[in-house]
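Trainee: Here's the letter readout for the chains.
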Amino acid sequence: MAAPFTRVYRPLWRIITTTTLNKGVRNVSSTRQQWSAQNVKTAGVASPWALHGAVCLQRLPVVSQDRSPIEDEFMELMHQMELERSLLSDHELRLLEDAARMSRKQEEESDEEEEDYRDKDIFTAQDLEDIWEQKLKQYQPAQRSQGVDEKGVSSSERCLAESLILLVKKDVGSQKLWLLPQIQWQTGETLRQTAERALASLPGADLKATFLGNAPCGFYKYKYPKDIQKEGSVGAKVFFFKALLSGHKHLPLEKNSFAWVKKDELQDFLKPEYLKQVRRFIMAL
Amino acid sequence: MAGIVCRTASQIISSQASCSSVLAVRHSHWFTSVLSLKTSIPLRAEPKKKKKVDPRREIMMKERLKKKLKRLEKVPPELIPIEDFITPAKCFDETRIRDAPKLSFEESERRALLLKEWSRYKYSQHQTEMDTIEEALEAQRQALDELKLESEELYKAAVSSDMDLFPFQREGPSYTPPITNYEAPEGKYNNITRVYTQ
Chain A
17 MAAPFTRVYR PLWRIITTTT LNKGVRNVSS TRQQWSAQNV KTAGVASPWA LHGAVCLQRL
77 PVVSQDRSPI EDEFMELMHQ MELERSLLSD HELRLLEDAA RMSRKQEEES DEEEEDYRDK
137 DIFTAQDLED IWEQKLKQYQ PAQRSQGVDE KGVSSSERCL AESLILLVKK DVGSQKLWLL
197 PQIQWQTGET LRQTAERALA SLPGADLKAT FLGNAPCGFY KYKYPKDIQK EGSVGAKVFF
257 FKALLSGHKH LPLEKNSFAW VKKDELQDFL KPEYLKQVRR FIMAL
Chain B
16 MAGIVCRTAS QIISSQASCS SVLAVRHSHW FTSVLSLKTS IPLRAEPKKK KKVDPRREIM
76 MKERLKKKLK RLEKVPPELI PIEDFITPAK CFDETRIRDA PKLSFEESER RALLLKEWSR
136 YKYSQHQTEM DTIEEALEAQ RQALDELKLE SEELYKAAVS SDMDLFPFQR EGPSYTPPIT
196 NYEAPEGKYN NITRVYTQ
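Chains as they are written, first to last, in the working numbering: chain A, 17 to 301; chain B, 16 to 213.
Keep in mind the hints are simulated off the structure, nothing from the lab.
A virtual CB, placed ideally from N, CA and C, is assigned to each residue, including glycine.
Hints are not guaranteed to be accurate.
[Unchecked claim] For each label pair, taking beta carbons as the anchor points, the in silico distance ranges come out as:
1) 171/B to 288/A: 27 to 35 Å
2) 190/B to 147/A: 20 to 28 Å
3) 191/A to 202/B: 29 to 37 Å
4) 179/B to 283/A: 30 to 38 Å
5) 64/A to 185/B: 34 to 42 Å
6) 107/A to 150/B: 43 to 51 Å
7) 260/A to 110/B: 29 to 37 Å
All chains should be modelled from the sequences, with the hints used to inform the complete structure.
Mentor: Structural data, given as structure tokens:
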């Protein structure tokens, strides 16, 4: 009883504010809990779709396309018109002068010696042209077209004038299907990282690519067959990300599991529903 | 006769005296020669009467120079000529005009029809390009909608801009494919571009 104990006498306004504050905090925390619970619930509700990230790896054309017949004709016409409307160039003037000089020489042979003294140029314009042609012939460029399917479908040096897409053969359930490389999404990573992982995890392939942006370019959703469908999972959603193949080093890939395919050849490899979605974002112009 | 002799003698003596006086004067620095210009040290050593005015004069000189510099700076700098806009004199040379060939009626008809065909071809090409782009954009939009339904976080990550993408560089297609292990020959060139300074 004699033990003194200090009571903290707080002024009235402080008591009121603290109590209200406490109440406020409690309210906020409760709402937060509710919201997080809701979030968990929504996540739980939305999870029947398993998320997959896939990569649409494109090898862009290395060589320009061949001209169509009308393009050929038009190019000829343009060259012709340009030539008609142009002025004579230095080289052409020189050609004309040389021709005139030659004709004069043949007619008046007495002026030969004087001409030789005046002649400073050793080469005539025609000689120069011949020299240039010789030099051009010395350079051997690489072949444009490699022939019809000389290389197998698994080589990325295939059709150099068109863009190719990488396909991978994968077991899905009981079947072996040709797909764009995909892998399941793990918590804690963005879908783009999933796509990058999908590319990196391809066995035996050292492919370097630049991904174009963080956003997916397309998606495909499918439902599992009924015997596999559990309570939580209805099906899967695959989000595709575009990437361009960078670097020239192409190691040969396994024939049976990899394929570099043009847009028109896709229908030979992909299932119709899958193809329908994939075709939308692959641009072969 | 004797007078003339006397005069000449006196002249000689005087000249000799002056020479001697010159020689004598050189020993002392206070007196310069009479023959030379009158820049005597006593004159040079005169105290300058314009002491106060001189600094003012210098200040005035400096101000004048500054004004001149300002006037020069105010003048707008000469414009650098755009060499593309100046037609070179070679183009006005009359000897260079080609003889215009006369086109036959069939040829001109063929050309006109080909141009029209080309415009139709280009139009259809443009339409297909636009359609392809529209479809790709639509596919992307739908994919983003689906992703939004899935999770907000992933949607936000997808919609955020990619910092590493730009500046984006890529070599386009060439006429022939690159030769493996090709060593390009070294070439020399003379750079004759005109550099203008303002």
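Trainee: Confirm or reject each hint.
Mentor: To see whether the hints hold, each was checked on the structure:
For residue 171/B paired with residue 288/A, a C-beta distance near 34 Å keeps the hint of 27 to 35 Å intact. Checked against the given bound of 20 to 28 Å, the beta carbons of residue 190/B and residue 147/A, roughly 23 Å apart, stay inside it. Restraint check, residue 191/A to residue 202/B: a C-beta distance of roughly 58 Å breaks the suggested window 29 to 37 Å. The supplied range of 30 to 38 Å is met by residue 179/B and residue 283/A, whose beta-carbon atoms lie about 35 Å from each other.
Against the hinted window of 34 to 42 Å, the Cβ-Cβ separation of residue 64/A and residue 185/B comes to about 40 Å, which satisfies the hint. Evaluation of the 43 to 51 Å hint for residue 107/A and residue 150/B yields a pass: the beta carbon distance comes to about 50 Å. The hinted range of 29 to 37 Å is not satisfied by residue 260/A and residue 110/B, whose Cβ atoms lie roughly 52 Å apart.
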